[in-house]
Amino acid sequence: MNDLKYVGKPSVRIDGKEKISGATRYTDDLEFGPNLHFAAIVESTEAHAKILSIDTTEAENFPGVVSVFTGKDFPFKFGLYMKDRYIFAMDTVHYVGQQIAAIVARDIKTAQKAAKLVKVEYKPLPAIFDQMEALKEDAIIIHPDLGEYPHVPWFFPQANTNIAHWRKTRRGSITKGFEDADYILEDTYTVPRYAHCPLETHVAVGLCDLSGRLTIWASSQSPHTQRNLFAESLAPLGFTHKDVRVIAPPIGGGFGGKAGVSMEILAAAIATKVRGNPVKIIWSREQEFYNTSQRLGVIAKLKIGVKNDGTFTAIDHKLYWDTGASAEYGANVVNAVGLSAIGPYRFHNISIDSVCLYTNLPPCGAYRGFGYSEFMFGLESHINRIADHLKIDAVEIRKINAIKENDTLAYGVPMNPNGLIECIDKVTKEIEWGKEVKSENPNIKIGKGFSLIWKAPAMPPNASSAAFLKFSEDGSINILVSGMDMGQGYLTVMAQIAAEILAVPITKIRTENPDTDRNPYEWQTVASHVTWSCGNAVRKAAIDAREQIFDVVSRTLYLPKDMLFLEDEKVKCKTKPSFELPLKDFVINGIQAEDSTFKGGPIMGHGIFMPEYTSADSDPETSQGGHPNVHYTVGAAAITLEVDKDSGEMHIRKAVEAIDVGKAINPSLVKGQITGGLLQGLATVLYEDMRFDDKGKMLNPNFTDYKIPTAKDVPDEIVPIIVEVPQPDGPFGARGVGEHTMIPAAPMIANAVNDALGIRIKSMPITKEKVALENLKKKEKINV
Amino acid sequence: MAILNDFKYYKPQEINETLQLLSEFKENAKILAGGTDLIVHLKEDLVKTENVIDIKGITQLNKIDISKDNIFLGSGVTFTEIIESPELKDKLPILWEASKKVASIGIRNRATVVGNICSAVPSLDSAPALLVYDAEIVVQSKNGKRNISIHNWFTGPKQTILKPEELVLGINIPITIHAGVYEKLGRYRGEDLAQAGIGIFVDEIKNYRFAYCAVGPVPKRMKKLEDFLQGKEISDKLLEEAAELIPNEISPISDIRSSKEYRIHMMKVMFKRGLQESVVILKGGRS
Amino acid sequence: MKKIILKINGELRSVYVEPEEILLDVLREKLGVKSPKCGCDRGDCGACAVLLNGRSVRSCLVLAIETDGQEIVTVEGISKDGLNKVQNTMLDKNAFQCGFCAPGMIISTTELIEKNPHPNLEEIKEALSGNLCRCTGYLPILESVQEATKEEHHE
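Protein chains in written order, with this note's numbering: chain A, 1 to 784; chain B, 1001 to 1287; chain C, 2001 to 2155.
Check before you lean on any hint, since a few could be wrong.
As the list claims (entries may be wrong) - No farther apart than 27 angstroms at their CA atoms in a straight line, the calculated lysine-lysine pairs in the DSSO-like style are these:
1. A/Lys781 to B/Lys1272
2. B/Lys1206 to A/Lys109
3. C/Lys2085 to A/Lys712
4. A/Lys762 to A/Lys136
5. B/Lys1206 to B/Lys1268
As the list claims (entries may be wrong) - Computed spacing ranges between beta-carbons, pair by pair:
6. A/Ser439 to B/Pro1174: 39 to 45 angstroms
7. A/Gly601 to C/Asp2092: 35 to 41 angstroms
8. B/Pro1164 to A/Asp130: 46 to 52 angstroms
9. B/Asn1028 to A/Leu30: 38 to 44 angstroms
Derived by calculation from the structure, the hints in this document are not laboratory data.
Here a beta-carbon is modelled for each residue, glycine too, at the ideal position from N, C-alpha and C.
Input sequences plus hints: build the corresponding full structure.
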């Protein structure tokens, strides 16, 4: 492994020059010619209401308007894991902002002016904005047809309630576990909704040409899944997969918000009716906030039992999730957590109830971390409190209970190889855990916070990746895959893997952006799984190509196949050192044999990867019996935090984060994920604060009042640490890392604030205002 | 987002030309300087107008005049121009500091101080400094010129005493020997609208002047606080006592940016820290 | 409609605009200059930043008609003859991820270095604080600018 030439190197990303020179063409940069139309969307102003009438007459007659569409034009359901949403609202609206109608015109101003002329009459219904309200016996049922919605077999919607899904995990006996405990701590932790805030808003262009061929260009993490959902939902109009093509240009950030399908289906649907002309829909920043998927909110009730020596004896974790008006994606977040809400710890007695509840707020879906940031906030805070009570060091108690390879996971499967202890040890050393730090400034108190990290990809059991690989006459390579480089560096990593197998430098390798016609299948770029899954597919494609290369060389030039190897873009032979044949000489044109005929031809590899050991089939009452997750990536992190005791302002002096990535194919890109992810995590706990009014309208859908950090808000120092305990079925041992890096942020802050000021805050965000006012309350209590 | 409202655009080169247009259009015209407020309002349909008058072509408005006793900031002067003037840093340190805390460089390169006071949002950063400096605004219409004291300028949230046919020429600020700071409460270190702001002025004969923004419907001086401290030597004990007067001087609200309690608490904190720092600066040090 | 003439990246160009048309939209849709991006449409994020007469401005808050007779520079102009030193350092350090904020960051950096060839870290942070980035956590961008602008010590 130590003579790797391309894998393991901090190579410059292959799309770097394009991005830095301003040459990258994102979806809104593409030109579609003078026939480009635009659609403006009319949105619901009610959170829950029957639509009594939609009067579009004035809009239709507005000069320049080409067409007007409402729900009746597309009465089709769609959804990723459950089909519970319509393209446009039908007779009921379920959240403020839900699309009701679309106005199409040749210029955006006309469309927007006409959109204001659409008159909607509503009959308001009681609305629910809190998941605990949704759970009540007498709560209004938001989806009365829940019992009829098609869904994946591993979801358990409860008909005639607002429970879209309920994942129950049971192992051992918590009754006995709590009996055995010397100390039990029970409490509730609250995490609100969050917005992804990619710099590029959602945008989609649909073109249905006059032959019935439907093409969609979309800023998307999931072109193949989108094609699938478009074809399924538009089937009543006569479309099948063969008619639908999705092209995914580079995207300006995704973070899960551009996974699955949200507004893109509007462009696809409208295009089918505006034949021959491309139609663009681009979301404003406001719409990006309230009408794309949000991160689910959760109220987590956690009870843990522990012995005096720090060993955990039982966990009862009840999580109530607010998934908004649609659960088609959000329910899988709830599912994933239902299987993993024990954290990276050894528990023998487990009860997890992860309940997905509908509310009349915007639909929620995939967000970097997929439920793990949400439950780890509570869990890692709770463990610190237990440690405090038992007078055991917060890191020590985690080491005592840390999950090891082959320990049993909550759903009964053994834990994969992992470097959790190594991560813990390296982090505690780097942050100088246990060493107190004081500030010269009398207003500043300093505390340290620690948290573990873990997450597994949450995917259906048949999520797969595929790759084609082909050469050109100059010996360069095109890799055709359908994963999306949303900044994480996926294109570069695929190139590095192929480079290593085929001995071609990455400067001569192009990884092409997805086009569902030309590039083979990729389930979605989510779950931090494409380095592992698609990396395996690319590796196989490269090996396939290498096989063909050795085959034609060996049979044409009579060299022993098992002695051939590739080096510096040439085929060489161990038993004939003088032999070297440049790849470019034959990878298109074949090798000329003694009789002047040519053998071989274009070298093209293909590879697919689908884990054949995962299964979502398990006992619905206990979740035992299946193998739902492929593997977990683990890590540890710590911060040294300065807190101004009067203003509550928090500033991080130093953050350390260690992740076991199995193999860092590109260490520079892994460090990029650690730095970027950590700051995104810190943003959710320190600054981002989503507010709704009492009618379900989002009050701060802009960067003025929904704060994401600037360059002035960065920690003084971030130390990324890469740990490598190989993943047995990963390409060169690699495992995913993209989401994990944000997970420890919120609990570290909660724990560090507690260390610095002795106050424990159990709800997010932990803003400076909250800290200041809590600290005041504490001072007042002492003075009284 | 396109601007859905159509309007005519004028770019006068002379003040008289502008006054003529204003007397003709009155409320139906908006002055465009930096545009960092106006363009947002036009896009979001908060403002409708048929005429936009761009004053950036009027050279008399684009100047900073520094004389022995007075500084004149023309209506076209941007926050960046204030920040880049070493003389203004020296002579108007409170306004200079406030300018640095407005938004970000990309906004400061366009946004003007006069535009800021014309917007009259309760959180405007330039007001506390102008209030403690007893600034005067020079306006002109076809009927003549007048000076309006900053203390009479703000008549309500987003409302000023300026008449529709009047053009602001600039702001006069008397020069005094003093030290001071502008403390601003934001949600983090990056740019933010003030949730509370205090301008603090101290001079060698123990005159103290304080003015707030964002914690009342209009920015104002804090007279009770000034009267209490007048002539006194600052000590920790005195600061604690003085801080208790603050809740009576201000009337903050709770909104999505901050709660009333936190705003009151932080006004006290910023007052104490800001006044201590101002005294240090006056004595020749810098913390 | 009014015809305006402006110099864009060194080239004189003329275009017809209505008074209410926004500079960002005119650059992107009528003049084919795609590097400035629309991130928020109200001046909060800096993705639309261009140099107007040498100063960084939010092109989403400028009417195109205001720029008649003036000079605009975008990243296309800065990169015309190849990447400059700061850009090359950013490339080598993998400073950007999705790249959407990159044009705005480079505009802010260009303005900074023109005025201040060897800025310290605080000055760099201040100059870039008006450009939001969601991917990188800013540190690799700040490090790139620091490294590219540090004083050369000649032996």
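Mind checking the hinted window 39 to 45 angstroms against the Cβ distance between A/Ser439 and B/Pro1174? With Cβ atoms ~41 angstroms apart, the hint holds.
Does B/Lys1206 pair with A/Lys109 here, judged by a C-alpha cut-off of 27 angstroms? Status violated; Cα separation ~59 angstroms.
Please work out if A/Lys781 and B/Lys1272 have their alpha carbons no farther apart than 27 angstroms. Within the cut-off at roughly 23 angstroms; holds.
Taking 27 angstroms as the top limit, are the C-alpha atoms of C/Lys2085 and A/Lys712 close enough? Holds, at about 24 angstroms.
For B/Lys1206 and B/Lys1268, compute the direct alpha-carbon distance and say whether it is at most 27 angstroms. holds (20 angstroms)
Pairwise beta carbon distance, B/Asn1028 to A/Leu30, judged against the given window 38 to 44 angstroms: holds (40 angstroms)
Note whether the CB distance of A/Gly601 and C/Asp2092 lies within 35 to 41 angstroms or breaks it. holds (39 angstroms)
Is the hinted range of 46 to 52 angstroms satisfied by the C-beta distance from B/Pro1164 to A/Asp130? holds (48 angstroms)
Sort out whether A/Lys136 lies within 27 angstroms of A/Lys762, counting only the CA atoms. holds (24 angstroms)
Consistency note: the structure conflicts with earlier hint 2 alone.
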